[in-house]
Amino acid sequence: MIVVRGHDPTADVNALSFSPDGQRLASSATDGFAKLWDVARLADGVPVWAADTASGGWLSHVQFAPDGGSVLGCGGRAVWMWAAADGRLLHRLDSTQANTSVLVCSADGRFVAWTGGYLYAPARIQTAGLARLAPHRQLRGHRNATGILAAGPDGLVSGSADRRVRFWDWDTGRMYHELTLRGYVRALAVSRAGDRLAAACSGVVYVWPLERPPGSRRKWRVPGAVRELRGHSRAVLCADFAPDGGRLATASEDGTVRVWDAGSGAEVRAFAPRLGPLHWVTFAPDGLTLAFSSQRGHIGLLDVDA
Numbered sequence: 000m001i002v003v004r005g006h007d008p009t010a011d012v013n014a015l016s017f018s019p020d021g022q023r024l025a026s027s028a029t030d031g032f033a034k035l036w037d038v039a040r041l042a043d044g045v046p047v048w049a050a051d052t053a054s055g056g057w058l059s060h061v062q063f064a065p066d067g068g069s070v071l072g073c074g075g076r077a078v079w080m081w082a083a084a085d086g087r088l089l090h091r092l093d094s095t096q097a098n099t100s101v102l103v104c105s106a107d108g109r110f111v112a113w114t115g116g117y118l119y120a121p122a123r124i125q126t127a128g129l130a131r132l133a134p135h136r137q138l139r140g141h142r143n144a145t146g147i148l149a150a151g152p153d154g155l156v157s158g159s160a161d162r163r164v165r166f167w168d169w170d171t172g173r174m175y176h177e178l179t180l181r182g183y184v185r186a187l188a189v190s191r192a193g194d195r196l197a198a199a200c201s202g203v204v205y206v207w208p209l210e211r212p213p214g215s216r217r218k219w220r221v222p223g224a225v226r227e228l229r230g231h232s233r234a235v236l237c238a239d240f241a242p243d244g245g246r247l248a249t250a251s252e253d254g255t256v257r258v259w260d261a262g263s264g265a266e267v268r269a270f271a272p273r274l275g276p277l278h279w280v281t282f283a284p285d286g287l288t289l290a291f292s293s294q295r296g297h298i299g300l301l302d303v304d305a
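Reminder that position 59 of the sequence shown reads as 58 in numbering that gives the first Met the number 0, one-by-one numbering, no gaps.
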């Protein structure tokens, strides 16, 4: 295990994203910085570049574009796009969504969506063309803050404090399915093949197969029978499927990263790095490494057996 303090020790490192080739890792934190790291040299603690949003607030999320050529981030009322090679600012878009807290790129690289909001107020999801952040649509429906998004082959998935998970079509903005859970939806993940969905409320993780009913002509897959994964003692803040969809990793405020068999729901491994509450976890493209972050500025790498 490798751990560095990549951001201010008072900052929550709220998102991590591997480049498509797995050689770089992007991070964002409440200190207002987006940083890019060489995975092979993470232990040095020196980023390839660091971009200060200079927004007077924090950065809430970061993600590599699917082609690996740019890194996107959001926070406050803005969305940024930086060149992955050198951190040069390519585009900045002012958001009409207050308190923008999360973004996600479509699997095909055509769109990016972002959302956020405040508790007890309706939230909107905004979408834009990824190439130049050209505004596309506004999706309405969540009645409370929306703090997590995920993308799969079929569309966009959103989770909210209104206890709903909603499924949207990128092109039309149509909501084509909805789930109601037991509490604030804080984590979401869709497997790359689009055949599994994971969501978390408090310390419980839920996993569904995504399927088309037999004989159905529907374009989209919808959730089947749910399986509950229990083991965390505090809120789960992030979930991510391995590239092959066979495992699911979760990070929690209880200070652990847990790896689960996505099919059976059995816990495979648990890691307790003793860094305090953890926020983010993501698989590298080869499925053999996990990156995780803490709410105290840490970024870490874990080797996981296939």
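Source of the hints: derived by calculation from the structure; they are not laboratory data. What you are looking at is a predicted structure, and each value in this text was computed from that prediction instead of being measured. A portion of the hints provided could be inaccurate.
Computed Cβ-Cβ distance ranges for the label pairs, DEER-style [stated by the list, open to error]:
#1 A84 <-> P134: 23 to 33 Å
#2 D304 <-> T95: 37 to 47 Å
#3 R211 <-> V45: 44 to 54 Å
#4 K218 <-> G275: 20 to 30 Å
#5 G172 <-> G223: 24 to 34 Å
#6 D66 <-> R181: 34 to 44 Å
For every residue, glycine included, the Cβ atom is placed at its ideal position computed from N, Cα and C.
Going through the hints against the structure:
The beta-carbon spacing between A84 and P134, approximately 26 Å, falls within the hinted interval of 23 to 33 Å. Distance hint for D304 and T95: a CB-CB separation of about 46 Å, consistent with the stated range 37 to 47 Å. Roughly 48 Å separates the CB atoms of R211 and V45, a value that falls within the hinted 44 to 54 Å. Between K218 and G275 the beta carbons are some 44 Å apart, a value that contradicts the proposed interval 20 to 30 Å.
For the pair G172 and G223, the supplied restraint of 24 to 34 Å holds, since their beta-carbon distance comes to about 25 Å. The given range of 34 to 44 Å is respected by D66 and R181, whose C-beta atoms sit roughly 38 Å from each other.
Checked against the numbered hints listed earlier, the structure breaks hint 4 alone; every other hint is satisfied.
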